[in-house]
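2 protein chains.
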Amino acid sequence: MPGLTIGDTIPDLELETTKGKIRIHDYVGDGYCIIFSHPADFTPVCTTELGMMAKYAPELEKRGVKLLGLSCDDVSSHKEWIKDVEAYTPGSLVTYPIAADPKREVIKQLNMVDPDEEDASGNQLPSRALHVVGPDKKVKLSMLYPASTGRNMDEVLRVVESLQKAARHKVATPVNWKPGDPVVISPSVSNEEAKQMFPQGFDTTDLPSKKGYLRFTKV
Amino acid sequence: MPGLTIGDTIPDLELETTKGKIRIHDYVGDGYCIIFSHPADFTPVCTTELGMMAKYAPELEKRGVKLLGLSCDDVSSHKEWIKDVEAYTPGSLVTYPIAADPKREVIKQLNMVDPDEEDASGNQLPSRALHVVGPDKKVKLSMLYPASTGRNMDEVLRVVESLQKAARHKVATPVNWKPGDPVVISPSVSNEEAKQMFPQGFDTTDLPSKKGYLRFTKV
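Chains as they are written, first to last, in numbering that gives the first Met the number 0: chain A, 0 to 218; chain B, 0 to 218.
So that you can see chain A by itself, here it is in the shape it has in the complex:
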């Protein structure tokens, strides 16, 4: 079925948004971008999500991450709906653009179609798809959630921190990792290299295989 997955370059589409026309690659620029779809304006989960996205936007911005929303409603609908979004989540200001895809051209290309949902006219609707796009314009990570499941912005922030740590250091983040927790050193780094790269030191976990591959450090 639809195509876009991790590792793919996001298509450089021109989008109509609440902030005017945007080309995706220009918008991503040299930073990261979270492009996410919502099923429809004036619907319950979406209203809670877009306000929370706005609340988290400053934390994301500190990390060089922009937000870009998208649904199949038109720009005038988005603008009316933002009043509800901001009213529901006090202190939220939707300063990020929300794109309009009434012709369903973008959602197909970005793997954002919800197969189980349609509008009153039988048109396709977007899922809750979320792609984290890196400075190289490639999809680094995707969450494909259905209309019924609102996203978890703490998880979104967690994976952004993980991706950025891995991009800066030769490390990865273990299961259930939270920002501030120790990270693991990539297997491609030898112990000799690790001593240079991580002068703060590292701890190797003793395992039955004695292979010494599980090395924790702090970065």
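Derived by calculation from the structure, the hints in this document are not laboratory data. Heads up, some of the hints might be wrong.
Straight-line alpha carbon distances no greater than 30 Å define the calculated BS3-like cross-link-like pairs of lysine-lysine that follow [to be verified]:
1) Lys18/B with Lys18/A
2) Lys18/B with Lys65/B
3) Lys194/B with Lys82/A
4) Lys65/B with Lys137/B
Please read these numbers as outputs of a predicted model, since none were measured by experiment.
Starting from the known structure of chain A, arrange chain B on it as the hints suggest.
Just chain B now, kept in the frame of chain A:
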């Protein structure tokens, strides 16, 4: 690029696993199944993940959810590696099957390829892909994470609860929802129907649009 996405039926492949041969549809049965890939045995993040999956398995089982792991290592490697996995996470017992895909046939079909990783021989490696498959054998939700980002089992449990609540009632879960929090009533349910379906009552949030679409209840 590769295909499988939410709404698609998972291919009914026969897999070699640590628990013998398994056909995916038989294994899913009438319940849910989380099929997830890991890049490689005897690597750091994977070792932390598979032990944690084992720790969460009883909670998932209570909800009718089975686990099925997968990488491109062979079954004998998996069996050796499980000793490390269980040693690292005390109290974990890897009772779920781990499939072997040394020919890279399965990871392509299941959209589990990590485009940025390869083994010492230049072969493709799996990403940290995770698909929640429902009793109808369709993919309900996917997380496509790269090798660097270990998954969050609390988020996995959260989305399972959300999917199952939505399958049982005409509800959805708002942003950052946690089990026990109020849910929202689907827009397809009229207020009259909602009174019948939710005798415990519901609260309609007052929003600038006055459209009355944001209705919270407990189920």
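Now the hints, each set against the structure:
1. Lys18/B with Lys18/A: Violated - the C-alpha atoms of lysine 18/A and lysine 18/B are around 55 Å apart, more than 30 Å.
2. Lys18/B with Lys65/B: Judged against 30 Å, a Cα distance of about 13 Å means the pair holds.
3. Lys194/B with Lys82/A: Holds, at roughly 28 Å.
4. Lys65/B with Lys137/B: Satisfied, since the Cα-Cα distance of roughly 15 Å is no more than 30 Å.
Checked against the numbered hints listed earlier, the structure breaks hint 1 alone; every other hint is satisfied.
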